[in-house]
Structures are given as structure tokens and as C-alpha cells.
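The primary structure of each chain is shown beneath.
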Amino acid sequence: MKRLFLISVVLMTAASTMAPLQIFASGKLQVVSTLPDFAWLAQQVGGDFAQVQSLARGSQDPHFVDPKPSYLVDLHRADALLLDGMQLEIGWLPPLLQQCGNPRIQPGSPGYVDLSQFITPIEVPVGGVDRSMGDIHPMGNPHYHLDPYNMALIAEGLGGVFGKLDPSHAAQYAENGRKTAAAMRDLGEEIAKMLAPLKGEPVVTYHSTLDYFFLRYGFHVVGFVEPKAGIKPSPVSLMELEQRMKEKNAKLLITEAYQDLKTARRVAGDTGATLVVIPSYTGGAKGAETYPDLIRFIANAILEASRG
Amino acid sequence: MKMSFAAVAAVLLLCATGFFAQVAQPSPQDLQQQIQALQAQMQAMARDYQAKLDELQKQLEALKSQQQASGAPPSQGGVPQYEGTAPPLPASATGANALANPAISLIPDMIASGGNDPYWLGQPNAYMREVEIAFSAAIDPYANAFAALSLEDGQLNVEEGYAAFPALWGGFSAKLGKFKADFGKNNQMHSHTWFQADQPLALREILGEEGFSDTGLSLSHLLPTPWTSDITVEVTSGRADLFGGSRSSLAYLAAWRNYWDLTDNSNLEAQLSLSAGKNAQNGTTKLGNLSVTYRYKPIGNRRESFIWRTEYLRKDVDFENVVTPDDPSQPSYLVEGADRWKGAFSYVDWQFARGWFLGTRGDWVRHPDGGNDSGGALVLTWFPSEFQKFRLQYARTNYAGIGMRDAVVFEYGFAIGPHGAHPF
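Chains as they are written, first to last, in numbering that gives the first Met the number 0: chain A, 0 to 307; chain B, 0 to 423.
Simulated from the structure, these hints should not be mistaken for laboratory data.
Be careful, since some hints might not be right.
To be verified - Each pair of labels, with its calculated beta carbon distance range:
1. A:GLY159 x B:LEU55: 29 to 37 angstroms
2. A:SER167 x B:PRO223: 24 to 32 angstroms
3. B:ILE103 x A:ARG306: 47 to 55 angstroms
4. B:MET44 x A:SER167: 51 to 59 angstroms
5. B:VAL291 x A:LEU237: 40 to 48 angstroms
6. A:ASP269 x B:VAL291: 29 to 37 angstroms
7. A:PRO166 x B:PRO223: 49 to 57 angstroms
Claimed, not checked - List time: in silico PhoX-like cross-link candidates among lysine-lysine, alpha-carbon distance up to 25 angstroms:
8. A:LYS227 x B:LYS285
9. B:LYS57 x A:LYS192
10. B:LYS296 x B:LYS341
11. A:LYS231 x A:LYS247
12. B:LYS285 x A:LYS67
13. A:LYS250 x A:LYS192
14. B:LYS296 x A:LYS285
15. B:LYS388 x A:LYS231
16. B:LYS179 x B:LYS341
17. A:LYS163 x A:LYS192
To be verified - Counterexamples of contact, computed for chain A against chain B with all Cβ distances above 10 angstroms:
18. LEU96
19. PRO234
20. LEU237
21. MET238
22. LYS285
Backbone N, C-alpha and C define an ideal beta-carbon position, used for all residues, glycine too.
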């Protein structure tokens with residue numbers, strides 16, 4: 000047993016001496032993003048000087064990602080961790096940060112980059128918040144990535160953040176940040192023109208994932224399939240929703256692909272609404288491999304469904 | 000003096016001429032012309048101000064829409080209409096609370112049991128098995144604190160209470176305090192996260208009711224292997240009921256964890272843990288655990304998952320006893336020996352709908368005297384939300400020297416407070 004203990008001590012000493020050699024690093028700024036959308040954006044800003052990876056996949060519900068040990072390797076070597084924040088990752092990121100052994104990305108370090116600092120949140124709850132309200136996010140709706148104008152603000156912010164982490168390329172990061180932000184604003188305008196005919200359209204959705212998108216493009220959200228955030232619908236809540244959909248003449252039910260589509264299909268069937276299943280994160284479907292493609296995919300899907 | 004007088008007089012004269020020139024009666028045509036000029040001036044000013052006001056209005060609208068949804072262009076009009084969502088509040092309120100108080104959670108666990116299993120017969124027919132009170136907060140930029148106090152049978156025990164140092168020099172992470180030993184996967188789980196209503200028989204009989212937890216230091220480091228692998232070394236006090244050596248003897252543990260993503264939806268984890276420490280019988284107690292876990296959880300689907308876990312445990316208690324015979328003429332002699340325990344369990348937990356899980360478990364333990372306990376359990380669990388759990392379990396166990404016994408167990412538990420994520 001003593002021998003075993005000694006062996007492990009030797010192994011750990013070896014590991015620790017190798018760690019400062021940056022055995023994994025490729026000379027580029029190593030960036031890990033919790034979500035694929037921010038990974039795409041960070042790659043635009045980081046250009047050739049950054050290597051960016053996403054922990055969650057685009058088809059995944061980001062509230063429920065398993066904190067897999069394989070993420071530890073990416074986090075261990077990261078120079079920057081980009082997170083959505085607003086408690087979106089509270090169920091899985093803390094144990095990974097605890098175990099990754101990387102001081103550069105711990106909360107409070109320059110490499111810990113909570114991207115919600117760059118945007119203005121919506122749906123911040125008033126007064127007391129408790130779980131009778133469902134899986135409520137006390138700091139507001141964390142799904143701000145579906146508004147291209149938010150992505151523009153984040154791109155500009157990342158230009159500065161990367162510049163601080165890697166000052167030798169600060170000018171390039173700032174320039175890329177500005178260019179990416181301009182592209183995001185153009186994308187926002189493009190989608191606004193596309194969806195102009197649907198301004199004020201009453202819609203129903205599953206979870207509050209698309210609220211920033213709906214807010215930006217003037218949709219009128221008349222109800223959610225979930226009676227409260229993260230709570231499974233009951234027969235009574237569905238009946239009330241269907242009634243409201245008929246009253247408000249909501250003809251579109253828009254849902255993320257990872258939700259319970261059987262329930263969504265039933266509600267759509269009962270009310271004569273068209274079900275629109277969309278990817279809500281970059282890479283969540285074929286044809287949505289980049290962020291602009293994702294936004295266009297969503298806009299097109301809604302537009303086509305509205306035309307019947 | 001003369002000069003200045005002349006200057007003042009000249010100025011006064013000039014002013015007076017100007018004044019009287021103004022006061023002098025103008026002709027009606029002059030007046031009309033003046034009024035027209037004034038009107039034109041007024042109209043020009045009004046146009047100018049209107050243009051400025053319009054410009055300001057535009058800027059204000061642009062600012063407002065930027066505030067509402069960050070970065071909207073001025074052309075973005077229309078106030079969005081919402082139903083069923085809460086209105087806004089400054090986000091700072093939650094931040095201030097987080098600084099003042101640690102996150103506190105309360106996790107009660109209630110049990111009701113029936114049948115003739117001796118383990119459950121030793122418990123009340125219905126009781127509050129445990130109320131876990133968990134605290135967590137950052138201590139300072141270098142360490143986080145976690146404490147799980149367990150209120151059982153009117154007694155408050157420290158189940159875990161440690162400072163975690165997530166990022167030490169050289170990529171190490173550490174824990175200092177009382178913690179659940181890195182001895183297999185199941186040993187580290189708190190009772191409210193178990194897949195069954197009770198711990199597997201092997202853990203209960205070989206490690207004791209409280210499992211393997213101790214006070215000391217734990218150091219972990221990732222290994223530079225092509226797969227995910229880390230090693231943990233723990234030096235602890237050598238807890239009395241598991242080791243029980245003298246004050247100067249410590250217990251040591253080394254754990255080697257390996258993990259592979261098989262696909263996006265499935266993974267495999269294997270861990271070897273070995274531990275040793277001096278015991279009260281002048282010998283060494285050695286413990287070993289081999290744990291294998293397979294998980295299937297399709298990403299983008301919360302309605303199905305599957306986990307299979309198997310652990311094999313060993314405990315060797317070597318002892319040396321000096322025996323002094325009753326007859327004083329006979330010399331004392333040394334008795335050396337070892338109590339060897341072996342055990343294993345294997346379980347699956349299959350999620351067949353959102354919140355619904357069906358599981359089964361097989362148990363086996365071999366006592367030092369060669370007797371075997373073995374059994375199996377069938378478990379149905381329902382989580383109405385992530386914070387509430389109902390469980391029904393039927394177990395049948397064949398105890399050495401006792402025979403076949405049955406137990407039906409109902410468990411209900413909930414969690415309030417921001418109880419954070421558990422390690423994978």
C-alpha cells in the first residue's frame with residue numbers, strides 16, 4: 000500500500016511538472032464556450048489567433064447538460080471560459096470548475112467571461128422569487144443569444160476581452176469584434192425585413208427560449224406549453240392554453256426540437272395551429288451550422304409556417 | 000482727469016442719441032416691415048426648433064429601444080406584447096443576497112417500510128431518515144466552502160464539511176476537511192441522490208452505515224492521457240470504526256478514474272480505489288474498490304436515459320494479537336490472521352418517460368466466516384420535478400443464517416433552496 004501511495008505521488012508530481020509546459024496548447028488563445036452559439040461568435044472574433052470549443056451541443060437543452068469528465072480536459076487547458084451566465088449553467092458548470100484545476104477560468108479571474116454582462120436582460124422577476132414559479136431564473140431570461148443585436152454587443156465585448164488576455168493581438172481582436180458586430184447588425188436588419196409581415200402575429204411557444212427573438216421581431220406571445228418555466232404541462236394547463244390560443248387566434252406553435260414534441264403536436268392538432276419545430280442553438284439542425292444560418296433557419300421556418 | 004471726464008461725457012452723449020433715436024416715432028410702413036420681419040424670424044425659429052425636437056425625439060426612441068432590447072436600430076418600432084411573463088426588476092437584488100448569505104438548502108428524506116427484513120425491522124415503520132442541511136459559498140477568491148449537516152434521529156452530524164481549492168499551483172485541486180472518500184462512485188453519493196431507497200448491501204456491511212468518509216486532505220490532478228483520466232490521493236485521520244489505529248496512524252487512499260465518451264449519447268467510466276490504514280489490532284486494514292459505470296443519455300432528449308453501475312469491494316482486516324494463556328507457565332504467543340470481506344453490487348436505472356425511472360439491483364456480500372448475503376431489488380421512482388421524489392422499492396434478501404427476507408420501502412424526499420449540482 001505504501002508503494003502504491005508513493006507511485007501515485009510520483010505520478011502526480013510528474014503531472015504537475017508537465018502542466019506548466021502547456022502540453023496541450025497550440026500557441027493559440029484557448030477558448031471554451033458553454034454554448035455553441037458563443038463558440039461560433041468567439042471564433043469570428045478570435046480569428047486565426049484563437050481555438051474555440053463548445054461544451055454543449057446545439058441539439059442539447061443547455062439547462063440539462065451532463066458535467067462529463069471529458070469536459071475537464073478542455074477546461075483544464077482553457078485560457079478563457081465563455082458562459083451564458085444568469086444561472087443557465089448552474090446545474091452543471093460549478094462541479095466542472097471545481098475539478099478542472101485551472102486558475103485562469105475560475106470566477107473572478109480575467110478568463111471567466113460571463114457574457115450576460117454585455118446585454119440587457121428581459122423578464123427579470125419582480126419581488127420574491129421561489130420555485131412555485133417553476134425553474135425561474137432570478138436574474139432574468141438567459142436565452143439572449145437568439146437576438147442578433149445582443150450577439151453584436153457580445154462580439155464587441157469579446158474583442159476587448161480577448162485583447163486583454165492576449166495583448167499581442169489586441170488590435171486584431173478589436174477589429175474582428177467590430178466587423179463581427181456589424182455583420183450581426185446586418186443580420187438583424189435582414190431578419191427584420193423578412194419577418195416584417197408577421198409583426199404583431201400571435202404565437203405560442205414551449206419554453207421562454209425564443210423570447211428575445213420574439214421581442215426583437217414584434218411577435219405577440221400569447222402562451223407557453225409549459226405552464227411555468229421547466230414544469231411539465233398538465234391536462235388542465237393544456238386545456239387552458241388551447242382555449243387561449245383559440246381566443247387570440249394563435250396559428251403558430253413554435254417549439255425547440257428538444258422539447259416534448261408529442262404534447263406540442265397534440266396542442267397544435269387540437270387548435271388547428273401549425274407546429275414549427277426549430278433548432279434553438281447553433282448546430283442544432285442540418286442547415287443551422289453557423290449562427291447566421293441558425294437565425295435564418297428559424298425566421299424561414301416561421302415565415303413558411305405562417306404562409307400555411 | 001480732464002481726459003476721462005471728456006470720455007465719459009462722449010459715451011453718455013452717444014447713448015442718449017441712440018436712445019432718443021429709438022424713441023423717435025417710426026412711420027407705419029416701417030412698423031409693418033418690422034412686424035413682417037419679426038414674423039419671418041419667428042417662423043424660421045419655430046421650424047428650426049421643430050427640426051431639433053424631431054431629431055431629439057428620434058435619438059430618445061433609439062436609446063429607449065436600445066435599452067429595451069440592447070442595440071436596436073432607431074427604425075425598430077413597436078412595443079412587444081407579452082402575456083404570462085414577469086415584469087422586470089433590477090438584477091442587482093440577487094447579487095447582494097449572494098454576497099451576504101451562503102446558499103442554504105434543506106433536503107428531507109422520509110421512509111416507510113414493511114416486511115420482515117431485519118435491517119428495516121430495526122427502523123421505525125415510518126420515519127424521517129435524514130434532513131440534510133447543505134451550505135455552500137465562496138470563502139474568498141481561492142476557496143469554496145461546502146457543508147452538509149445531517150439531522151438524524153435528533154442528532155446533528157457533519158456528513159461533509161470542507162473547503163475546496165479548485166485551482167492550486169500546477170493544476171491541482173484540493174479538499175480540506177471532512178469529506179466522502181473517493182472510494183467508488185456510490186460511496187460519494189448523498190442519500191438523496193441514491194438510485195435506490197438504501198445503499199447496496201456491500202457498502203452497508205463492509206463500510207458501515209455511514210460509508211467511507213473521513214477528515215483530512217484530498218488532492219486531485221488530471222493526467223496527460225489521450226482519454227480523460229485523473230488521480231486522487233487522500234490522507235485522512237483513519238476513522239475509528241473503519242480503521243481505528245492509534246492517534247499517530249493515518250489512512251491513505253489513491254483513486255484512479257478513467258472516462259471515455261463512447262458516442263455523443265453514451266459514455267463509460269472505470270475507477271480503481273485503494274486505501275489502507277493501521278487498525279486497533281496492530282494490523283492493517285486494506286480496502287479496494289473497482290467501479291464501472293455505463294451511461295446512455297441521448298442529448299436533446301430528456302425522456303429517456305439508462306445507467307448501469309457495478310462495483311466490487313474488498314476489505315482485508317489483518318490483525319496480530321498477543322495471546323497470554325491462562326497457565327502462567329506457558330509463554331505468550333502471537334496470533335496473526337485476517338478477516339476478509341468481499342462484496343459486489345450491480346444496478347440499472349432506466350428512464351422510460353420524463354420523470355419516471357425503473358430500476359433493479361443485485362447484491363452480494365461474503366463475510367469473513369464464508370457466509371453469504373445476497374439479494375435483489377426492484378425500484379420505481381417518480382420525480383414530478385427535479386426537486387421532489389417518490390419511490391417504491393421491493394427487495395428480497397437471503398441473509399446467511401437467517402434466510403430469505405422481504406422488504407417493501409416507500410421513500411419521499413424533496414429539496415428546497417438552491418442546492419447545486421452534484422459531481423458527475
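Against the structure, the hints come out as follows:
1. Between GLY159 (chain A) and LEU55 (chain B) the CB atoms are about 31 angstroms apart, so this pair conforms to the stated range of 29 to 37 angstroms.
2. Between SER167 (chain A) and PRO223 (chain B) the C-beta distance comes to about 27 angstroms, which sits within the given range of 24 to 32 angstroms.
3. Taking 47 to 55 angstroms as the suggested C-beta distance range, the pair ILE103 (chain B) and ARG306 (chain A) conforms, at roughly 53 angstroms.
4. Separation of MET44 (chain B) from SER167 (chain A) is about 56 angstroms and conforms to the stated range, judged on CB atoms against 51 to 59 angstroms.
5. Taking 40 to 48 angstroms as the suggested C-beta distance range, the pair VAL291 (chain B) and LEU237 (chain A) conforms, at roughly 42 angstroms.
6. A hinted range of 29 to 37 angstroms is violated for the C-beta pair ASP269 (chain A) and VAL291 (chain B), which are about 47 angstroms apart.
7. A hinted range of 49 to 57 angstroms for the beta carbons of PRO166 (chain A) and PRO223 (chain B) is inconsistent with their spacing of about 28 angstroms.
8. Distance check on the hinted pair: LYS227 (chain A) and LYS285 (chain B) sit about 52 angstroms apart at the alpha-carbon level, beyond 25 angstroms; violated.
9. Only pairs whose Cα atoms come within 25 angstroms are accepted, and LYS57 (chain B) paired with LYS192 (chain A) is accepted, the gap being roughly 20 angstroms.
10. Annotation: proposed proximity of LYS296 (chain B) to LYS341 (chain B) is violated, straight-line Cα distance about 32 angstroms (limit 25 angstroms).
11. Under the criterion of a C-alpha separation no larger than 25 angstroms, the hint pairing LYS231 (chain A) with LYS247 (chain A) is consistent with the structure, at around 23 angstroms.
12. For the proposed pair LYS285 (chain B) and LYS67 (chain A), the alpha carbon gap of about 30 angstroms is over 25 angstroms, so the pair is violated.
13. Proximity of LYS250 (chain A) to LYS192 (chain A) is assessed by CA-CA distance (about 21 angstroms); at most 25 angstroms being required, the pair is judged to hold.
14. For a cut-off of 25 angstroms, the pair hint linking LYS296 (chain B) to LYS285 (chain A) stands: about 21 angstroms separates their Cα positions.
15. Straight-line distance between C-alpha atoms of LYS388 (chain B) and LYS231 (chain A) comes to about 15 angstroms, which keeps the hinted pair within the 25 angstroms bound.
16. Distance hint between LYS179 (chain B) and LYS341 (chain B) is fulfilled; the C-alpha atoms sit about 21 angstroms from each other, no more than 25 angstroms.
17. A threshold of 25 angstroms between alpha carbons decides the hint, and for LYS163 (chain A) with LYS192 (chain A) the separation of about 37 angstroms lies outside it, so the pair is violated.
18. A cut-off of 10 angstroms between C-beta atoms contradicts the statement that LEU96 (chain A) is not in contact with chain B; the least separation is 6 angstroms.
19. Listed as a non-interface residue, PRO234 (chain A) keeps its Cβ farther than 10 angstroms from every Cβ of chain B; the least gap is roughly 15 angstroms.
20. Every Cβ of chain B is farther than 10 angstroms from the Cβ of LEU237 (chain A); the closest lies at roughly 14 angstroms, confirming the non-interface assignment.
21. For MET238 (chain A), the condition that its CB be more than 10 angstroms from all CB atoms of chain B holds, with the nearest at approximately 15 angstroms.
22. A cut-off of 10 angstroms between C-beta atoms confirms that LYS285 (chain A) is not in contact with chain B; the least separation is 14 angstroms.
When held up to the earlier numbered hints, the structure conflicts with 6, 7, 8, 10, 12, 17, 18 and fits the remainder.
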